[in-house]
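Generate the whole structure from the sequences, applying the supplied hints.
There are 4 protein chains.
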Amino acid sequence: MNKLLKEHLVVAQNASGRNMNVPLYRFVGEKPGPKVYIQSSIHGAEVQGNVVIYQLIQWLKTLPICGEVLLVPNCNPVGTNIKAGEYTLGRFDPVNGTNWNRGYYYDDAFIHEFAQSIDDEESTESIKSRFRQKMKQQLQARLSETWGIGLAQHLNLKLQQLAFDADYVLDLHNGPVSTRHIYVPEYAKASASLFNIPHVIFMPNVFSGALDEATFCPWWLLTDLVSSKRQQPIDFAVEAFTLEMGSQEVISFQNGEYDAKSILTYLTAKGCLPESSTLPEQMSRKAVTLNNYKTLFTQQGGIVEYIAKPGDIVKKGGVLARVLNVDNLDTDRATTDILAPCDLVAILHFPSASVLSGTQLYKCFTEYFELQ
Amino acid sequence: MNKLLKEHLVVAQNASGRNMNVPLYRFVGEKPGPKVYIQSSIHGAEVQGNVVIYQLIQWLKTLPICGEVLLVPNCNPVGTNIKAGEYTLGRFDPVNGTNWNRGYYYDDAFIHEFAQSIDDEESTESIKSRFRQKMKQQLQARLSETWGIGLAQHLNLKLQQLAFDADYVLDLHNGPVSTRHIYVPEYAKASASLFNIPHVIFMPNVFSGALDEATFCPWWLLTDLVSSKRQQPIDFAVEAFTLEMGSQEVISFQNGEYDAKSILTYLTAKGCLPESSTLPEQMSRKAVTLNNYKTLFTQQGGIVEYIAKPGDIVKKGGVLARVLNVDNLDTDRATTDILAPCDLVAILHFPSASVLSGTQLYKCFTEYFELQ
Amino acid sequence: MNKLLKEHLVVAQNASGRNMNVPLYRFVGEKPGPKVYIQSSIHGAEVQGNVVIYQLIQWLKTLPICGEVLLVPNCNPVGTNIKAGEYTLGRFDPVNGTNWNRGYYYDDAFIHEFAQSIDDEESTESIKSRFRQKMKQQLQARLSETWGIGLAQHLNLKLQQLAFDADYVLDLHNGPVSTRHIYVPEYAKASASLFNIPHVIFMPNVFSGALDEATFCPWWLLTDLVSSKRQQPIDFAVEAFTLEMGSQEVISFQNGEYDAKSILTYLTAKGCLPESSTLPEQMSRKAVTLNNYKTLFTQQGGIVEYIAKPGDIVKKGGVLARVLNVDNLDTDRATTDILAPCDLVAILHFPSASVLSGTQLYKCFTEYFELQ
Amino acid sequence: MNKLLKEHLVVAQNASGRNMNVPLYRFVGEKPGPKVYIQSSIHGAEVQGNVVIYQLIQWLKTLPICGEVLLVPNCNPVGTNIKAGEYTLGRFDPVNGTNWNRGYYYDDAFIHEFAQSIDDEESTESIKSRFRQKMKQQLQARLSETWGIGLAQHLNLKLQQLAFDADYVLDLHNGPVSTRHIYVPEYAKASASLFNIPHVIFMPNVFSGALDEATFCPWWLLTDLVSSKRQQPIDFAVEAFTLEMGSQEVISFQNGEYDAKSILTYLTAKGCLPESSTLPEQMSRKAVTLNNYKTLFTQQGGIVEYIAKPGDIVKKGGVLARVLNVDNLDTDRATTDILAPCDLVAILHFPSASVLSGTQLYKCFTEYFELQ
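Residue numbers (our numbering), protein chains in the order written: chain A, 1 to 372; chain B, 1001 to 1372; chain C, 2001 to 2372; chain D, 3001 to 3372.
I should point out that these hints are in silico values taken from the structure, not numbers from a laboratory. There could be a bad hint or two in this list.
Taking lysine-lysine and the DSS-like style, the derived pairs with C-alpha atoms no more than 25 Å apart in a straight line are [said to hold, decoys possible]:
#: 1; chain 1: A; residue 1: Lys309; chain 2: B; residue 2: Lys1294
#: 2; chain 1: C; residue 1: Lys2309; chain 2: B; residue 2: Lys1158
#: 3; chain 1: A; residue 1: Lys158; chain 2: D; residue 2: Lys3294
#: 4; chain 1: D; residue 1: Lys3158; chain 2: A; residue 2: Lys294
#: 5; chain 1: B; residue 1: Lys1229; chain 2: B; residue 2: Lys1261
#: 6; chain 1: C; residue 1: Lys2134; chain 2: C; residue 2: Lys2158
#: 7; chain 1: D; residue 1: Lys3158; chain 2: D; residue 2: Lys3136
#: 8; chain 1: B; residue 1: Lys1189; chain 2: B; residue 2: Lys1061
#: 9; chain 1: B; residue 1: Lys1294; chain 2: C; residue 2: Lys2158
#: 10; chain 1: D; residue 1: Lys3158; chain 2: D; residue 2: Lys3003
#: 11; chain 1: C; residue 1: Lys2309; chain 2: D; residue 2: Lys3294
Below you can see the structure in the form of structure tokens.
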């Protein structure tokens, strides 16, 4: 059966001078195969992924794998433990506002340079292996900087050292109040239907700091460079996704089981689970390109009832939310309706009823289409 | 018809040196009658009361009243506007941790002294009027202190100056994740069934700083002192309640209408609404004395699924919550069930899935009984 | 020489499910003698006490003691590690606003009851020993509560279990921006001059939740009860102090050495350091009773220059601070001076230039007198 | 004499639904001349600039100007009013971590396109005027976005609408614990010596979101494009600077006067103050290019004494800071010295004694040189 290796990775030190570490659960199959990396809770309030990993671990105790599956729950021991009032201030470093999911490494120039080093004979496996090695040297160099690096970036690079070894990388997140959705790089479009997730965002080859991008952008660019040089497609078979599995600040063991199964379905299709034959569910899957995944900001402050629920389809002009203004309760300006600017699917909304102007009220699919 | 007077009361000044004020909506009936005072959102994240007041205002535009109804929504302009992450840090002053609902004034000695000034002939109306006048002098003296007073206390006293004029005082709150419940002073037990609220906590004559207590404790003690002196009961007909109308950080216009009706029902019974004949709903109302309204604290930290929902009846030994420990996902210590220490009704639970040890996980009715 | 025993005490568990502990440094002398307990940083931003304990440890490596000295630096591993912006939010639990130094145990009734158990023959030593034992049973009972207890209270009781064994208890704090001052119970007035601290506050026998009070109040009351019963004074020789050693959010190894020496001077006088002959410094020591240690609150919001520095003597009408109002920079209301309401010594002031109305601007000695 | 026009600009709405506005003080001279824009406190805890503006206003009441000076103190009414503990959480939006000084507008493509519209005959004045008009259309278009924009960006764009009209733009900031320093675009190198500021950072033509860059980058690029096209230099005479005038969270009226004078000296040199003849002070001015202005991050957590003070010159290997580790107070790992990695000037350090690993401990000039 699979072997389970368990260790802890130090990623920071707190103000008491104590190490803060991350648990690593590494399942090694008896047979060779692809490597899988799954982490959760880089944003400290997005905790459902930990339950998904718990459920995956229950499966992997008995379900043989080919290759390796590395599971890293609660991968941000700092962000998980910052309370501000009753809630977890998990999205950014409370000291400086740095988003915990924006400090991964990517360097366009490095990849171009590496591509130069590939001759036409080199096998895909050899390229992959050399690229990983070079990339990890880059990561190590940054981690060893004389002047040091920031807390969030240090955490990100330590995790990226683990993730960059993998062929399949899943970063488990939650939205504020949210329905399930997944970010999929355009080149891996076919994999979108391998998960049981009804809302899909297709990502271009643009890096803005997140783990999925830090994984797929280098391989994507390398693929393009080598393919173009060789005049024939090369396929590194590396994929990376951000999965948003419902709302932050709540967990559900039952939902966790559902999402674990969805991930097992994907891994089955990728040949990681030789004895599994689970197939993706039949469901409507709606998709958008990233530029059509839009944020609706409030124009005014007040108290809000969220009328459109995550997953709801709203027609142009339909009511998304109703804002109460306490200074005008006796007039017809007591309430203002916020309307859909176009046909849309409400994917997530802000988690508090109190908003200032300029608040991200809803994120919506516009110009969406059905996946086949 | 009722007259509506609208003004703003300055209660603080912010760091920009600008006044922060509270809107006052005062309905004055054509006929004399009792005074009613209703405020909401002294805890800044507990915003549903503003919707209830909005709905009350819609009613009071056409429903004649006797006496006066003073409505004070969003009564804490500081607490309403402190964000810490996406949520509102509304329960305490972010500077010093002072609970916004613990700085009202009560002075046992002052009431004993006042009671001395009452002779056996003085009418109930005269006592009420003199007591209010003296009490407001006390409040003004504190507000005029040479050395000043703290922000929360200043806010509380400014509101108490308004509330102490009233015969019926309702302070509208929400729990974290909560079912409807109401705090009722024991002497007003009969009024518990006049609201459409299924969970009732009976309060003793003990002051711990909140507005309801700051209202009923003085009158209760005065009642006892005069009754005992005169050897016959005196009734000042003053009542005060804290209504907890569901969960913080969400609003619902529909629920607001339900709770507005519930309040109108109470006011109807008290003779404030001569043309209303609305009666309380038939429902099971469970009650406890305050000492049996218990808080269950966590013994460990971790991530929690709240299995018992607010309002659920749980038998001794039943599962309330399940805690996940990320360092033991592969062992049988991965999850720990938190069990009901006795038969109970879960009234509210903590609003975040992430808890440290010593967190107020649930508040529960124990030794509860059915109200008739 | 002294023996050093080092261990860690678990006091909480964080949201990752991990133990949070406090380091204990216990020096045991070769000869018997009194027990000393010194803790620091119960308020997480007040870190200078940790340096003082560091300096004490350097001394105690070579300076023989009688009895025991237990040093507990960084005694609040939760509060030390909550950042909100660049500063440490160390004064209260960020979840609920509970001051970390208000949850120690004291029960008047328990002490009266215990006093009943003392017969006229019982020796002082025996009473002390039995009282400590009973008290620790009380603490254990609270820590073992079926329904649990809150995080701050749990921490406090765990520390109190250690502190209640001691004869001399020092709780090391800092003010916001502050000069050195010390809280001394009135019965230990004579000890005020044994420290090198120029400002002294004399405390009455009133418990409001802090460690010093939780130590001296029980012994004080017991002393009074037994003395009164026996018609002759009994002396338990237990003393407890809160030392405020300058400002929060800064440390200085040099100041730490000064304050360590001051504590060694006290311990020398108390017979804990047989080979030390250090004597208190000659200095002016100003003192007040607690009711004359007054807080000046702002009446307005704005930006403040603190003109009176901690330690400054200001005459009635002298300028303490100047407030800038950004909306009136062109008028003579641009600045407002805040004046001393009476002759005073400024002991500490608020640490931020931005204040709302109702901010604790200064704490001041009024009606102060010179200690002889 | 100068005319003073005073108004308020609405920049946001809070959760009470109330407008939040910024005071504008506009001095208009009798004679034409350049326009000056000075704002302060975009970071809410950096309040000294408000005092500088106060002092400037006192001067401008009697000192004639040519052209216009627009002064915008406290330009961030949201950030100024977020307390987290006693300090102001002023650097980023507490909801999402967005730095308040990173959302100004710059679009390379727009400038290239505009440059195309300039023919060889067009006068500098005409180009300036048209460019401003077009730029303001761009800003307005963003502010009018159907889907809205975020709070910080909205604030930034509203201010930029004012600032882009000006020839001289000064953004007044403070460091955490800091000495005076100034950011100067390389093309305006000559102006570095016109201020009384001893530390100068030369900025390249790279936009990263701040107001100074949002001002000088467009003009710089336009200058380059037109100069290159016309084969002769064009000079738009627009300059923009960020001035860091000491430490956040404190104000000093005396320092404010010093810095106001420094600004008047600059404006005198630029011909804005025809009756002023004030000259810059003789002083050593040290300068670096931006890439040599380095941040030293902590490698460990603990409690820190900042031994190098802002402005101190430290040789390679010199001690910058000493870190205390509370778990090792009895060993020689109790303290760790943090050493200068090279010769440097310490410009600013972190404002709290408690640090995690990855904290920005110091920002330092390296490879610095003396300005002539």
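The hints, checked one at a time:
Distance restraint check for lysine 309 of chain A and lysine 1294 of chain B: the Cα-Cα separation of roughly 34 Å exceeds the 25 Å cut-off, and the hinted pair is therefore not satisfied. Under the criterion of a C-alpha separation no larger than 25 Å, the hint pairing lysine 2309 of chain C with lysine 1158 of chain B is inconsistent with the structure, at around 33 Å. Restraint check for lysine 158 of chain A and lysine 3294 of chain D: satisfied, since their Cα atoms lie roughly 23 Å apart, inside the 25 Å limit. Straight-line distance between C-alpha atoms of lysine 3158 of chain D and lysine 294 of chain A comes to about 23 Å, which keeps the hinted pair within the 25 Å bound.
Pair hint lysine 1229 of chain B plus lysine 1261 of chain B does not hold up; C-alpha atoms about 40 Å apart against a cutoff of 25 Å. For a cut-off of 25 Å, the pair hint linking lysine 2134 of chain C to lysine 2158 of chain C stands: about 15 Å separates their Cα positions. A threshold of 25 Å between alpha carbons decides the hint, and for lysine 3158 of chain D with lysine 3136 of chain D the separation of about 10 Å falls inside it, so the pair holds. The straight-line distance between the Cα atoms of lysine 1189 of chain B and lysine 1061 of chain B is roughly 31 Å, outside the 25 Å bound, and the hint therefore fails.
Restraint check: the Cα-Cα separation between lysine 1294 of chain B and lysine 2158 of chain C comes to about 23 Å, which is no more than 25 Å; the hinted pair holds. Under the criterion of a C-alpha separation no larger than 25 Å, the hint pairing lysine 3158 of chain D with lysine 3003 of chain D is consistent with the structure, at around 24 Å. Proximity of lysine 2309 of chain C to lysine 3294 of chain D is assessed by CA-CA distance (about 34 Å); at most 25 Å being required, the pair is judged violated.
Violated hints, listed in ascending order, are 1, 2, 5, 8 and 11; each of the other numbered hints is respected by the structure.
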